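The hints should help you fit chain Y onto chain U, whose structure is shown.
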Amino acid sequence: GQQVMQIPQYQHVQEGEDFTTYCNSSTTLSNIQWYKQRPGGHPVFLIQLVKSGEVKKQKRLTFQFGEAKKNSSLHITATQTTDVGTYFCVIGRGATNKLIFGTGTLLAVQP
Amino acid sequence: NAGVTQTPKFQVLKTGQSMTLQCAQDMNHEYMSWYRQDPGMGLRLIHYSVGAGITDQGEVPNGYNVSRSTTEDFPLRLLSAAPSQTSVYFCASRYQGAGKNIQYFGAGTRLSVL
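As you go down the protein sequences, you meet chains U and Y in turn. For the first sequence, the positions run 1 to 111 when the numbering used here is used. For the second sequence, the positions run 112 to 225 when the numbering used here is used.
Hints in this document: simulated from the structure, not taken from any laboratory. No experiment lies behind these values; they were computed from the predicted model shown. Misleading hints may appear alongside valid ones.
[Claimed, not checked] Among chain U residues calculated to face chain Y with C-beta under 7 Å, some are:
1. PRO43
2. THR96
3. THR103
Note that the Cβ used here is the ideal one computed from N, Cα and C, for glycine as well.
Only chain U is shown next, with the shape it has when bound in the complex (with noise of 0.2 Å):
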């Protein structure tokens, strides 16, 4: 089953409005992926991040790696229609590093 959590599972915001989701692991993790899935659409590479801590921005999206390497969050600033969709972060697991998906978050972005 799923080993990476995701919350909310479901966020509906006002244009304009801030959002974000966060992703925890039970254990520690080498690097940490996130995915956007615009609705009837395919996963999406937006990001990776690899160190303790790191942050990292693309425009109005800032995405963040924790201390320990067991969360990360993706917050975006000033949503937009465009915006809508669900966001996953994925882990790697074991030797091969198979890529296991998050639970995903749902944001909906009403004009």
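Then chain Y, alone, in the frame of chain U:
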């Protein structure tokens, strides 16, 4: 540049029928994988392969078979379809080396088992 190509896009099966979902990639990626996504849920790993001739089970392998005879192709076989296998199936590929973990996904196959 085609990327990851999945066929068919849609399929309806009757319980007990068999079929093969096709996946091909043209990026020379060593690693390929199959996921299923049920409504409102995340993606669960079915099977994966780290190279030609090598396959392994993921989180939900029961009812599915795979093989990897070439680097490019990674078909997923349902030997006797069941309604519980109604789902959207995604194939993905990536390089296997350290620091090269970006997965590229196909457009998906929407499967209904009646």
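Now the hints, each set against the structure:
{"no.": "1", "hint": "PRO43", "result": "holds, 5 Å"}
{"no.": "2", "hint": "THR96", "result": "holds, 5 Å"}
{"no.": "3", "hint": "THR103", "result": "holds, 5 Å"}
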